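Engineer: These protein sequence lines map, in sequence, to chains S and H.
First residue of the first sequence: 1, per full-length UniProt numbering; consecutive thereafter.
First residue of the second sequence: 1, per full-length UniProt numbering; consecutive thereafter.
Simulated from the structure, these hints should not be mistaken for lab results.
These figures come from a predicted structure and were not determined experimentally.
Hints are supplied without guarantee of correctness; some may be wrong.
Stated by the list, open to error - Derived SDA-like pairs: lysine to any residue, alpha-carbon spacing no greater than 20 Å straight-line:
1) K300(H) x P86(S)
2) K190(S) x T423(H)
3) K1006(H) x Q71(S)
4) K849(H) x Q902(H)
5) K802(H) x P830(H)
As the list claims (entries may be wrong) - Not close to chain S: a few residues of chain H, all C-beta gaps over 12 Å, as computed:
6) N376
7) A548
8) C714
9) L833
To be verified - Computed footprint of chain S on chain H; a stretch qualifies when at least three of its residues, placed anywhere within it, have a C-beta under 8 Å from a C-beta of chain S:
10) 126-137
11) 509-520
12) 588-597
13) 644-651
14) 986-995
Positions of the beta carbon are idealized from the N, C-alpha and C atoms, including for glycine.
Spelled out from the first residue to the last, the chains are:
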Amino acid sequence: MDDKQNANPTILSLSDLPSRRRESNVRRRDDGGTGLFDGLIPQYSYLNDPFEQPLSSSDSDDDSVEDIDEQEVYDLISSISDPEHPLSLGSLAVVNLPDIHIQPPSSPHSSISTVVVEITPTITHCSLATVIGLGVRTRLEQALPPRFRVDVRIKKGTHSTDEAVNKQLGDKERVAAALENGTLMGVLRKMLSTCE
Amino acid sequence: MSDIQQFLLEHDRNKHEASQVAQKSATRLTDGDLKLLKLIEELGEYFNSEDGAIRAKSMAYLAEVLGFVPPKVLSLQQRNLLCDFVLSRTEDGEGIGSCAKALLALEERGKWDSERAQTIMDTFLANTSPLRQYKQQSERYPVLRLIDALLARYRDALSTLHDSQPDFLSRFIAYFDGEKDPRNLMLVFSILRVPMAEWNIGADAQDLFDAVFNYFPITFRPPPDDPYGITAQDLKDRLRECISSTADFAPYAFPALLDKLDSTSMNTKRDVLQTITSSVQEYGPRTTSLYSITLWDALKFEILNVQEEDLAEEALNGLAAIAQTLSKGTSGPLNAYLRPIIKECNEHLEDAPTKQSQAAARIVSKIANVSPDVTNLLLAGILPTMFTLFQSADNMAKRRGLLEVFVELIKANIDVYGDWRATGSAGASAPKGALAQFREQALEVLLHGLETSPANNVSYRLVCVDGLLQLSKVRELLGEDDIGKIIHLLHAIVIHEESFGKDEIKESAINSLVEIAHQKPQVVIDKAFPAFMAQLPDTDEGSKGHVAVLEAFAKLANEEEVFDTVILRLKNKFSAAVSQNASSGYIVALLSAILYALTKGSNKLEQDPNTSTYYQDIVLPLLKRTSSADASHPEAFNDETTLDLVGRICNIVVRSQSTEQQEAIASELYTLFRGTPQAELPPFNTSAPPGTHKTMIVSTHLLASFRRETRLPCEIEFLVSSLVNYTQQPDLSIPVRSASLRQLSLVINKFYSTAALKTCMGPLMEAPFELFHPEKLDPPRIRVIFACLKGILLRSSPVLAKLYPQLLDFLSHPKYGAAIAHGFSTLLQPDDLITKQNHCQVSGLHKQKSFALLVPNITQAFRDASAEMKPNYLIALSGILRWLPFDIVVEEVPSLILLLLQSLDLKGEDFVKEAAIGTLASTLAEKPEVVQEYAGSLISRLLANSVLDKEAPTPARVRAAACRCLMLVPDKLKLEVVLPYRRQVCRKLIAALDDTKREVRSAAVKCRARWLEVDEAGDDD
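Bound conformation, chain S alone:
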């Protein structure tokens, strides 16, 4: 068994991680109830007349646009596994919601937004920081539309060689070269396999 660099990391409780699931359910009801009584009338009540309904029911709120926001980016990457532990980057607090920023297009003519993700290694000399960064980067490049530029870096002051690592992560050619490496790809695939 290989020695782990940090054998006993601090773990956050899943219920304390930021999540959209929690928010979306909090639709304030006018009457202050939780909707317990809504289920009393079954979904397929006789009261619905199939001949009276608009035949193609489009969702009433279909016009509203749900933008890609920080929480969505967080949800994309927080379930990536740590290469050392069978734990998610979210529960190890390697990725944190406040460290994700979406910068709007710099000029009105441009459509390119930038996603900046700052990762916090569990210990300051973690040599796997680059791999984690690469995993986050790969995941975002696969999952975000091309109008987003992805910028993954180590949070300042959380790693002994953060500058060097950032240089590696920012260098397109080095990233591309790294992804050619079979062993590294194997590690990345395993990390990303737990993504939700």
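The hints should help you fit chain H onto chain S, whose structure is shown.
Structural biologist: Structure of chain H alone, referenced to chain S:
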């Protein structure tokens, strides 16, 4: 030619023929045509042959003949002679397997005495050891079967042999040395287990242990088409039983197992852990105590540094097994075992919450409930440190981590000592647990934590609620005063606390109250009910808070013990609110609460036929209020949804009443106790005053609640024709019309006899209704048709075979074809009124029946239909498919695929698309080979539906469903089929990644990630 010659001739050519020869000899022997002596004489020459093969075959012949001879043909003397003869042949190295077979055949024909059994065992050991010298598995196998039989039936004889010959066991062990065949090993393990478990093995223990442990770990993998069906697991199980069979093995087993625990193979580690667990269980407390601490030191590593989740689980099982075994012995060893565990866990808890503190919590909670002694020792060892740590903790996360462990310990305590209603595994006479000493402190910490920590500390407060709940459940721990304090805090949270976040705290508080009500109903009624009632005004002045309180209060009806009280209080509140002219909103909320409570207690209503009090107290007053026109008729009762609630409340009470009780109501089905003659009211009087129509909704629910034997207030044909007439009134409100149509379905389903059902549609097809007249077809008639069919089809009546074709013809009706097509989705749609609970007749096979009558005809007619009519058939098809479980559809799926794919091209028919995607997804999952050849067209259509089309936008629901279905494709279809589309799918899905809806984006991300993997998987191969 003698039999033996013939046998020798056939033996190598045709085994079956050879057996026939042996069979023939056996028959002759039985009939007396052949003397045994003669048979042996004939054999003599061949037994003395120079050629070993011939000698072996001769023995095979003898063994086969003996196997065919019926019982009682051979005398005892003959059998003894034969035994001696066969045994003497074991000196010859040839045909040893056949010797064993012959002996087995003889044994089946007459039991041996002890001496005979011992001689056989001795002779085999002397002449054939080691067994591995015989290269053929088929030679060794019968020998092993013979020995197995000896051990099974002559156990004492062999045991005596062991006691009288000091070197017997070592020779016995050596005999099996080097066996490799899995079939034989299964026997060897079971043979060796007898001396292990039953004999005094003394100095041979290590040899005996090594004889089986040499095979550890089993790495055997059966060949692909293994005819013998022996799996690695079978071997592992037998081997494990051997290792754990005697405590004498402990000095060899534990060091050897722990050594193998360092293996890098997960399979080996799993075997080791399982073997340790079963060994500990079998070896007993004395032996286990010698190794318990060594084992703890090794096993803890697997839990504190989890490699694989299931290994940690196995290691935990091992630790628990040790604790359990030691609990059976004296207290000293148990103490000695738990001491280092407690020490280590306490240390890890100090830096909670970390990976290792979580592991420590797992250890503690796994072990804690194995016995009262363990519970007491763990609680006494951990609670003091835990509370000290808690007091000095500097952050909430740590406090939460500690309390979580505490809650697990309380739960273990409940497992062992029981709750208020049932005793635990320790039984009723158990002494008080160690928890009692910390009662005050625990209660204070938890109450204080819940009361004072800020609302945003959700996870912490949730643990506190859980802790208080568990504490209140522990048998004879808290007094009613203390439980009252907990209840007070919980209902204060439910009633008074500001709403926060997802309101998990409020929810958990009310659920806890329900659970406490199960344990201590009277305390909850005394303490919490008045608080709830105080919050519910008799009349509301625009305040909105009461709904939340009502919801919480209604939930308490979940608990049987307080159900009646909840209903009573709600009913009183309702009467008060009506007499005080409360707002409609408040009245609706009260009715909803009553309905919710009754639904939760409906089991109770059904078990207790004496529901007349509910009828007198709730149903009757509600019905009178509904129909009256004076002050007792609340404003809210003019609203159709309120009347629906009223109807449902009445339904739930009335449906479990007896036929006699129901008939009293049935005669008032439409009059509802208002004193007006029935003929002046709907549905009999289409020109009844406008105010009287709405009560049809309540009548519908009453009709639904009646038993089939209950007498209706008028002739059934008259009722049906009145309803058909009534529902076609153009100025009916939609709910009243729907309710009346549903009455039609209910009457047809429940009250027609099977014979009458076949002709019930007859009168409706004639004037004045002429339901199926193509030129008179209009929306009101279409509704009536489907309402009638709904009642009939659930009974799977044969008349459907006549009715459905007419309906299918209408699909190409120039004007109403589309309307008819949409109606098809109502046929099999689940229905909340036509149910078995409502005494309706629902045939188990009605879906199959309608499917068989409709779907093949639709696919047929689709082919012949004109282009503009084709969509109607697709719509009708999806209307049926969307309600069917896939196993009904599966056989027809090959003929449906093309229609389903074309459904995906329809514009604006979103339900149709959704149903088609659903069926395609099921087909992919269950029967992918059907879709294989359409892969290209499936993939491109799903892609087209995944991406938002500005021209004909589909709802997000459909786009997401298309993505999810597309994700299944690479999982289910062959790689070479899918691979060519990878690039196209990944490129086109980029657009879906930028969908306006989150739901679609998330499905698209997953789908695309799956497709990106497609060629990576190919690289690996």
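Engineer: Work down the list of hints and note, for each, if the structure agrees.
Structural biologist: Verification of the supplied hints:
Distance restraint check for K300(H) and P86(S): the Cα-Cα separation of roughly 18 Å lies within the 20 Å cut-off, and the hinted pair is therefore satisfied. With a C-alpha separation of about 48 Å, the suggested pair K190(S) and T423(H) falls outside the 20 Å cut-off, and the hint is violated. Taking the CA atoms of K1006(H) and Q71(S), the gap is near 17 Å; set against the 20 Å cutoff, the hint holds. Of the pairs offered as hints, the one joining K849(H) and Q902(H) is violated, with about 25 Å between alpha carbons and a cut-off of 20 Å exceeded.
A C-alpha spacing of about 24 Å is found between K802(H) and P830(H), which places the hinted pair above 20 Å, so the restraint is violated. Under the 12 Å C-beta cut-off, the non-interface status given to N376(H) relative to chain S holds; the minimum distance is some 29 Å. Not every Cβ of chain S is farther than 12 Å from the Cβ of A548(H); the closest lies at roughly 5 Å, contradicting the non-interface assignment. Here C714(H) stays apart from chain S, with its beta-carbon at least about 22 Å from theirs, past the 12 Å limit.
Against the 12 Å criterion, L833(H) falls within the reach of chain S, whose nearest CB is about 6 Å from its own CB. For the stretch 126-137 of chain H, the proposed coverage by chain S is not satisfied: 0 residues have a C-beta within less than 8 Å of a C-beta in that chain, short of the threshold of three. Remark: the stretch 509-520 of chain H is not confirmed as covered by chain S, as 0 of its residues place a Cβ nearer than 8 Å to a Cβ of that chain, below the required three. Closer than 8 Å: that is the beta-carbon criterion, and the stretch 588-597 of chain H has 5 residues meeting it against chain S, so the requirement of 3 holds.
Note: the stretch 644-651 of chain H has 3 residues with beta-carbon separation from chain S under 8 Å; the three-residue rule is met and the coverage holds. Requiring three or more residues with a Cβ within less than 8 Å of a Cβ of chain S, the coverage given for the stretch 986-995 of chain H holds, as 4 such residues are present.
Figure legend: structure checked against the earlier numbered hints; hints not met, in rising order: 2, 4, 5, 7, 9, 10 and 11.
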